[in-house]
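Novice: Sequence:
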Amino acid sequence: MIWTKIKKDIFIKKLQNDGYTISDGIKYGVDILVYTGNIDEYHAKYAILFFDEQCIKDIVSVQRICSSVGKILVLVDESFNFYEVERFNAQENKEMK
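Quick note on numbering: full-length UniProt numbering labels position 64 of the sequence shown as 64, and the sequence is numbered without any gaps.
Everything labelled a hint here was simulated from the structure, so no lab data went into it.
Because the structure is a prediction, the values reported are computed rather than measured.
Backbone N, C-alpha and C fix where the C-beta goes; we use that ideal spot for every residue, glycine too.
Any given hint could be a false lead.
What the hints assert, rightly or not - No farther apart than 35 angstroms at their CA atoms in a straight line, the calculated lysine-lysine pairs in the DSBU-like style are these:
1) Lys14 - Lys57
2) Lys13 - Lys45
3) Lys27 - Lys57
4) Lys57 - Lys13
5) Lys7 - Lys57
6) Lys5 - Lys45
Unchecked claim - Listed next, with one range per pair, are the computed distances between beta-carbon atoms:
7) Ile2 - Tyr42: 17 to 25 angstroms
8) Lys8 - Lys45: 14 to 22 angstroms
9) Gly19 - Glu53: 26 to 34 angstroms
10) Gln16 - Asn81: 14 to 22 angstroms
11) Tyr83 - Thr36: 13 to 21 angstroms
12) Ile2 - Gly70: 27 to 35 angstroms
13) Glu41 - Ile12: 18 to 26 angstroms
14) Lys7 - Glu41: 28 to 36 angstroms
15) Ser79 - Glu41: 27 to 35 angstroms
16) Lys57 - Trp3: 18 to 26 angstroms
17) Asp58 - Lys8: 12 to 20 angstroms
18) Glu53 - Ile26: 14 to 22 angstroms
Go ahead and model the full structure; you've got the sequences and the hints to work with.
Specialist: What follows is the structure in structure tokens.
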């Protein structure tokens, strides 16, 4: 599904109605930043990426940026389900040797 401007606006309005402050997230490679307090007094806690069909490498790259600047990356699908993305750490698989 492609996120339309109308759908994004509905989602943003819902967050604002819940008391969050929203700003553009382009400098972190995400769609929006979500603040839990006054934008002039607090850093954004969440970085929201509207999930379409991003490559896993793109998501991992954005997550690394978010992690380095202290933000929680959250993917949001077209049904407004939230998925927190934690840092990906590849572990060696002993059976593959």
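Novice: Any hints from earlier that this structure breaks? Give me their numbers in increasing order, please.
Specialist: When the structure is compared with the hints, only number 7 turns out to be violated.
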